[in-house]
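Two chains, two separate frames, one set of hints: put the complex together.
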Amino acid sequence: MFETKTSSSAFGNYNSMWMYTLKNVGLDFVRKGTSQHSRFHNLQELRHSASLTTKVFIQRDYSEGTICRFQSKFPSELDNRIERSLLEETVKTLNSYYVEAEKIGGQSYMEGCLACATAYFVFLCMETRYEKVLKKISGYIQEQNEKIYAPRGLLLTDPIERGMRVLEISVYEDHGCSSSSPSSSSVSSACSTAR
Amino acid sequence: MSAVMITRKVRKWEKLPGKNTFCCDGRVMMARQKGVFYLTLFLIVGTCALFFAFECPYLAVHLSPAIPVFAAVLFLFVMAMLLRTSFSDPGVLPRALPDEATFIEMEIEAANGNVPPGQRAPPRIRNVQINNQIVKLKYCYTCKIFRPPRASHCSICDNCVDRFDHHCPWVGNCVGKRNYRYFYLFTLSLSLLTIYIFTFDIVHVAMRSVVSGFLNTLKETPGTYPFYICFILLVCFFTLWSVVGLTGFHTYLISLNQTTNEDIKGSWSGKNRVQNPYSHKNIIKNCCEHPVLCLQKTTAPLIPNEHTPDEAKASAVSAAEKSHSPKEEQPPTAKLPPLASPETDAETSIAKDKPH
Chain S
1 MFETKTSSSA FGNYNSMWMY TLKNVGLDFV RKGTSQHSRF HNLQELRHSA SLTTKVFIQR
61 DYSEGTICRF QSKFPSELDN RIERSLLEET VKTLNSYYVE AEKIGGQSYM EGCLACATAY
121 FVFLCMETRY EKVLKKISGY IQEQNEKIYA PRGLLLTDPI ERGMRVLEIS VYEDHGCSSS
181 SPSSSSVSSA CSTAR
Chain X
1 MSAVMITRKV RKWEKLPGKN TFCCDGRVMM ARQKGVFYLT LFLIVGTCAL FFAFECPYLA
61 VHLSPAIPVF AAVLFLFVMA MLLRTSFSDP GVLPRALPDE ATFIEMEIEA ANGNVPPGQR
121 APPRIRNVQI NNQIVKLKYC YTCKIFRPPR ASHCSICDNC VDRFDHHCPW VGNCVGKRNY
181 RYFYLFTLSL SLLTIYIFTF DIVHVAMRSV VSGFLNTLKE TPGTYPFYIC FILLVCFFTL
241 WSVVGLTGFH TYLISLNQTT NEDIKGSWSG KNRVQNPYSH KNIIKNCCEH PVLCLQKTTA
301 PLIPNEHTPD EAKASAVSAA EKSHSPKEEQ PPTAKLPPLA SPETDAETSI AKDKPH
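Chains as they are written, first to last, in my numbering: chain S, 1 to 195; chain X, 1 to 356.
In isolation and in its complexed conformation, chain X is listed as follows (with noise of 0.2 Å):
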């Protein structure tokens, strides 16, 4: 009796639970959400188009050409920051896998002992001690795991996160531990971007004036100019706004130690005594020593694009199954960190004759 087994590498990210959308075989990850993302690319490719297109011919030629090489470097690495933010794991814990589950199970009714019926059972918390202060970690239902700190549940994308900061729709991900130091890159140099377009579509439009007066640079102009014009003013003007009190306001967070969801939870706010025990109580050292900003990828990757280990090979042991899906060769990228074991099963297409 042969029995031809020819089971498919199934990708760790195929397999995953929670609200994320894939691409390029899981390299890209992002929230299922799409739609402001695209909005926040428009308004910044468009935005920078305009300027390229419009202002830099004038500029450079009356004022300097390092004005606009400077704004498509900055323009550059805003987009990369972006697409960084965007596409990469926040820092994803995986859920637990059933034995662990169960044991953590066990452990909470060990704990609680015996609940009469009809009484609700105690929430389910662990405490633990930082730096002589007890935190408490709570139970995720989801996730089935005791959240470490400051890890929390995204609902969005239904995963827990670890250092979650918040879920941001503009960039279309959660901010977490993985991607935090991109998105405060992101904002930082986007602020930079805007406040530099800003100031030249001023001096662009102030050196016209002066040299024909105001009205007759308006009417100067081709017909559509001051509508792109005033279309850049009024987008710098509402980024400005938000997105450098959004960088200040990250910069106030670095130096605290803090996150944007303990700063909205007040989990630190000083009542009831209770202080944030991640900080250094020194403005200079949460800067320097902020543990996500000067450290690299300081958290386990989800491993989107790795296989499974358990998945597939498994029914390499019942030998009647037939699979018909054709077997894929795919090399792991070398961006994220090496798994320790990874997949060598050639045995996953296993073809022989084998009496039982």
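In isolation and in its complexed conformation, chain S is listed as follows (with noise of 0.2 Å):
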């Protein structure tokens, strides 16, 4: 069954439109402790239900040379959905962890030490920093997506599924009708999708 989360209404109303539209697609949106992989993982399969209305792709900086960073610039097709500040932010910080990752420092010279004597051997038991750094951006892609990205109907998608590339924002069909989300793009309600 469906459990609605006890958040903001706008994110409670948002839930619900995917739950009719999910029943009627006969999926069970299974909600549990794990509920932020359950809804990312749910809002990708919506992508095929049409839903999805388009995809916005923030493109990689390379004024500073090969280091991975992504544009700050705002993408005009977004002017509706979010705030400009919660997207630089976003992307601000997504740019501060990469600079981490990438950081050359004495930790990064002796790990590379020790995995040369022992014939990178040593990486079957112990994760390197840009490992550690990865999960702990992806672990903030996801935290934004649900706290800031899904209630929008914005979704983030983590930049090493696209080889680091592009930041993908996926923009999906503003269900709000009844709800307080700043939106005036194409509103379709889940009554629409239903089959």
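Be aware that a few hints might be false.
[As the list claims (entries may be wrong)] Computed cross-link-like contacts, EDC-like style, restricted to lysine to aspartate or glutamate with a CA-CA straight-line distance of at most 16 Å:
1. S/73 to S/88
2. S/92 to S/64
3. S/136 to S/161
4. S/55 to X/107
5. X/12 to S/161
6. S/73 to S/89
7. X/9 to X/25
8. X/15 to X/25
9. X/136 to S/88
10. S/147 to S/111
11. S/92 to S/61
12. S/55 to S/168
13. X/15 to S/102
14. S/55 to X/105
15. S/55 to X/25
16. S/55 to X/100
17. S/136 to S/102
18. S/73 to S/161
19. S/135 to S/100
20. X/138 to X/99
21. S/132 to S/111
[To be verified] Partner residues are not named here, just some residues of chain S that face chain X (Cβ under 8 Å, in silico):
22. 57
23. 63
24. 113
25. 165
No wet-lab data here; the hints were simulated from the structure.
All figures in this text were calculated on a predicted structure; none of them were measured in a lab.
Positions of the beta carbon are idealized from the N, C-alpha and C atoms, including for glycine.
In structure tokens, the structure reads:
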């Protein structure tokens, strides 16, 4: 059964719309403790049930070399969907995480020397600092999706799934006909997606 | 009306375009042509086996037992680096999904405007500025992406590879961002091993000759010894010239922060006053801050043995489908960085009775 999360009312309404849509496409929307995963995945599955409007891609910023960094330019397609400052904050935080991951310092040299001395077998038991930061990044993106983007009908895709080339933002049809989200773009209620 | 859907979790590597072969459930990734790789293996293992069998007993007794021990350690290191280079993902860039490809096409069309029929469209190039220098990013028609700086498309493997160095048939794989470090260590350690074996081969022959004269040495040793010694000497001689030369070449490239691909194409050769924007102009700095040698796995892995999030799960939507393949549970390997969204879709195998 679908369990409504007790968060903001906009989010609750959004979820109830999803529930209606989901029942009609015949899926069990099981919400468990790992709610972040299941909502995230169910949003991905619904990509195929015609809820997805468009995708917006934030490109890499190469001005400082080949270090991983995304442009902070705000895409115009998201003008009505999300506040500029929120997206810019997300991109800025992601960029800082990538800087941290690719930082060359004492620890990375030590790791490198140890790895070389053990013919890289040490990585069977140990995780590199880069991998640890990647995990942090994916956790951060999930948290951002949960708190900020999903309520606005958006979904961030971790850049690592796209080879660090783009930051993909999926834009879903806005079901906020009875919600307080500031959307004036194409509004199609859940009823229209019922089959 | 009941719909029983048991769909198999499909691994990402099974769906990968490109001409790679995978083994061990996606943990091993190589090019299709592996013949030369087997030759490399044979040469290294064969020569070292002969060295251990025919020379080490004499050297261990008459010189020092540390000699074969060090040779063994070096040999193991060389094999580890070779296998690591051959089996790992060189830094393959995933191809653009249809949405992204369409988006890029629209951008290009918008930038080019209306091309009159019969005229060729202008080349698809995106200019970016790196360290105050304009670098042109080319569009890859196969992968449908604008290649990041220093990436190149390998026609043998049919993939775009990040920081593409070259495709090495000896190693049976491309050399790119994720395995350049192992490749360099492989050539370096192989050079050392070759020099080591070559030296002790000559020492062995010399020592025996000092004791009993050169011709007598050949007669003394069992009939096939000279053949094996000559084989080792021959292999080592040619390996010395090629591998040591290659190591020297790559050391030179590292000091300039260039790739083999850029060197061959003459991208930064200085004509047209184009300089290498990635180089620090200081050899020490280039070596110490080399983005590939000094950093740990600094690019996105292809994650070949993770599940495809979109694949097969969408089939759960159409309730009339039936699939007969069994569901496979495969734990992801600890080696590769984890995905942002580990696949938890137990919903892929759904059995329910549902009216439409």
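Straight-line alpha-carbon gap residue 73 of chain S to residue 89 of chain S, limit 16 Å: Cα-Cα ~12 Å, so holds.
Straight-line alpha-carbon gap residue 135 of chain S to residue 100 of chain S, limit 16 Å: holds (13 Å)
Proposed proximity, residue 25 of chain X with residue 15 of chain X (alpha carbon, max 16 Å): Cα-Cα ~13 Å, so holds.
Restraint check for residue 136 of chain X with residue 88 of chain S, where alpha carbons must lie at most 16 Å apart: This hinted pair is violated, its Cα atoms lying about 27 Å apart.
Agreement of hint residue 165 of chain S with chain X interface, Cβ distance less than 8 Å: This hint holds: residue 165 of chain S lies near chain X, its Cβ roughly 6 Å from the closest one there, short of 8 Å.
Restraint status (C-alpha distance of residue 55 of chain S to residue 168 of chain S at most 16 Å): holds (7 Å)
16 Å limit on alpha-carbon distance, applied to hinted pair residue 55 of chain S and residue 100 of chain X: Roughly 8 Å separates the two Cα atoms, so the pair holds.
Hint consistency between residue 55 of chain S and residue 25 of chain X [alpha-carbon to alpha-carbon, up to 16 Å]: The given pair, whose Cα atoms are some 32 Å apart, is violated under the 16 Å limit.
Straight-line alpha-carbon gap residue 136 of chain S to residue 102 of chain S, limit 16 Å: holds (14 Å)
Hinted pair residue 15 of chain X and residue 102 of chain S, Cα distance within 16 Å: violated (30 Å)
Hint consistency between residue 12 of chain X and residue 161 of chain S [alpha-carbon to alpha-carbon, up to 16 Å]: This hinted pair holds, its Cα atoms lying about 11 Å apart.
Residue 73 of chain S paired with residue 161 of chain S [C-alpha distance capped at 16 Å]: Given pair residue 73 of chain S, residue 161 of chain S is violated - Cα atoms ~21 Å apart, limit 16 Å.
Violation of the numbered hints given earlier is confined to hints 9, 10, 13, 15, 18, 20, 24; the remaining hints are satisfied by the structure.
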